[in-house]
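**Q** Protein chains in written order, with my numbering: chain A, 1 to 320; chain B, 1 to 279.
The hints are simulated quantities; they were obtained by calculation from the structure and are not laboratory data.
Where a beta carbon is used, it is the ideal one built from N, C-alpha and C, also for glycine.
Any given hint could be a false lead.
[Said to hold, decoys possible] Here chain A is said to cover these stretches of chain B; the calculated rule only asks that three of the stretch's residues, wherever they fall, bring their Cβ under 8 Å from a Cβ of chain A:
#1 151 to 160
#2 232 to 246
[To be verified] If you want the ones that stay clear, here's a sample from chain A, every Cβ over 10 Å from chain B, calculated:
#3 R84
#4 Q93
#5 A112
#6 M119
#7 R195
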Amino acid sequence: MSPLLAIEDLTVEIRGAPVVDGVSLSIAAGETLALVGESGCGKSMTAMAILGLAPEAAAPRAARATLDGHAIDPARPDRMDGLRGRVVSTIFQEPVLSLDPTMRIGAQVMEALRLHDPMPRAAAAERVAAMLADVGIPDPRLRMRQYPHELSGGMCQRVMIAMALITRPRLLIADEPTTALDVTTQAQILDLIARLRDETGTAVLLITHDMGVVAEVADRVAVMYAGRIVEQAPAATLFARQRHPYTALLLRTIPRLDGPRKTALPAIPGAVPAPADWPQGCRFAPRCPLAIDTCRAESPPFAEVAPGHAAACWRSEEVT
Amino acid sequence: MIARTLPRPRPALWPFIPILAGFVLVAVFAPLIAPHDPDAQNLLGRLKAPGTTARDTFYLLGSDELGRDLLSRIVHGARISLAVAIASVVASGIIGTALGMVAALRGGWTGTIIMRVVDIVLSIPPILLAIITVAVLGPGIVNVVVVLALTRWPRYARVAYGQTLSVVTMPYLRIARFTGAGPVRLLWRHVLPNIIGPIIVVATLEFGLMVLFEAGLSFLGLGVQPPTPSWGSILSTGRNYVSTAWWIATFPGLCLFLLVLSVNVIGDTLRDRVDRGSD
């Protein structure tokens with residue numbers, strides 16, 4: 001079966017510097033792919049480009065892109081017109097700012113539904129109430145009459161999820177859906193996304209910087225660094241054995257409850273360089289403990305290192 | 001910094017709300033309130049002082065050069081003043097807000113052209129522009145509204161433009177756009193409700209100006225035409241008799257002053273409230 005979403009060689013440039021540089025991704029129906037990386041690695045821009053929301057000035061382009069059998073083009077947002085809502089929906093980071101402060105909750109969710117599926121108000125209200133109940137909002141009929149400022153951040157994010165899923169899309173793109181929420185709410189929202197995915201068969205592209213979130217919901221993980229995907233594998237495989245030093249270091253930065261106490265939290269030295277300053281060769285080399293001269297001179301190919309497990313590293317065998 | 005933290009002294013609001021309400025009531029019920037026909041002449045009772053009776057007619061505020069009751073003319077003039085001000089504020093507000101929102105949403109050439117036209121219209125002295133337009137269209141109450149609408153929309157356009165720019169970057173607008181809301185729906189359902197506060201403040205402050213503009217144009221003979229009573233035209237004829245019949249120019253002037261003052265104080269208070277609300 002062909003994948004639901006397939007993007008090949010996606011590139012986005014900002015002022016001549018490629019912030020997304022030859023990214024290829026594919027997601028099967030019902031699958032959750034986590035796109036992981038630090039701030040500024042290009043993961044959000046990747047999502048925006050897929051959705052056709054990348055700024056025109058950024059010259060987004062892809063060698064080939066299909067979504068649910070339709071050819072799409074990051075440079076042609078109009079190609080998405082018939083697909084938005086029905087095929088792909090999205091949730092953004094700031095749940096509170098993502099809701100129009102002057103519109104009642106019910107009207108907003110209803111708008112998302114009726115723009116794609118014209119139906120009488122009463123029928124739509126029925127569907128909205130059912131959907132809100134489904135995302136765990138108690139007393140949906142009351143909430144529908146309220147304004148966003150009357151709801152907590154977690155409630156707003158549930159409303160956003162309801163808005164995104166009420167049209168029963170095939171793919172949900174969730175850009176840091178839990179970053180603005182506290183930890184307990186985070187877990188609830190992640191559970192909710194996972195449950196709805198299992199019930200409706202919606203595929204999820206989850207964008208996050210949080211390995212904890214990845215471990216909880218992802219089937220497959222793609223790790224991004226400086227505009228490129230550096231490692232990709234099924235979640236279980238990746239957590240068991242990393243083939244790129246960046247992934248290994250990223251996993252080591254998660255504090256553990258059972259680890260030694262009173263030690264400094266591990267961190268990866270340095271920061272993601274700005275796109276204009278990306279080095280020749282492997283872009284992670286300046287921060288990499290395993291870097292050798294080859295790494296600094298030549299870019300490693302993104303190659304399969306084990307069945308279903310690919311990495312872009314000259315020394316992937318030595319990564320522990 | 002200190003200046004910003006100190007509360008700005010502002011006249012108390014409470015006396016001005018009843019004053020404005022009073023003018024509105026007088027304008028609405030003018031025929032019931034006016035003691036006489038505002039156009040009925042009484043050539044034997046010309047230029048009577050306030051409080052005098054001539055030929056069985058009591059002139060509370062005196063009579064004008066044709067023996068018409070000044071109070072009745074001022075009461076009916078309130079109608080003209082408020083009607084012209086409301087009509088021109090609504091017309092210029094709709095034009096300006098729509099153009100400002102479109103300029104901000106479309107951007108590019110459309111936005112540049114609209115906002116440059118705004119700059120051009122704002123750079124022309126408004127009274128001069130009004131005089132030229134009236135000279136072309138001819139005087140009259142409808143034309144006064146047309147003139148004011150055509151000359152006053154840029155202020156709304158600027159405010160709407162700036163506010164829309166800040167609203168457009170909000171995630172909820174990105175989402176509305178992504179869900180497939182067309183431009184009209186986007187502006188009407190999502191942008192307008194979010195920028196209406198500052199627009200209403202501008203409209204309130206403009207309202208006072210509109211009253212003055214109408215009076216000014218009528219004073220110059222370019223606005224409301226006699227015998228229809230307008231504060232501006234009453235003032236204008238009263239000017240000829242100011243040394244012998246001070247009341248003709250004084251009372252409409254006083255009404256103008258009170259109406260504009262109360263509208264402006266209310267507008268200022270509203271602006272401060274809206275500013276604080278957006279922090």
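**Q** Report the numbers of all earlier hints that the structure fails to satisfy, in ascending order.
**A** When the structure is compared with the hints, numbers 1, 2, 3, 4 and 5 turn out to be violated.
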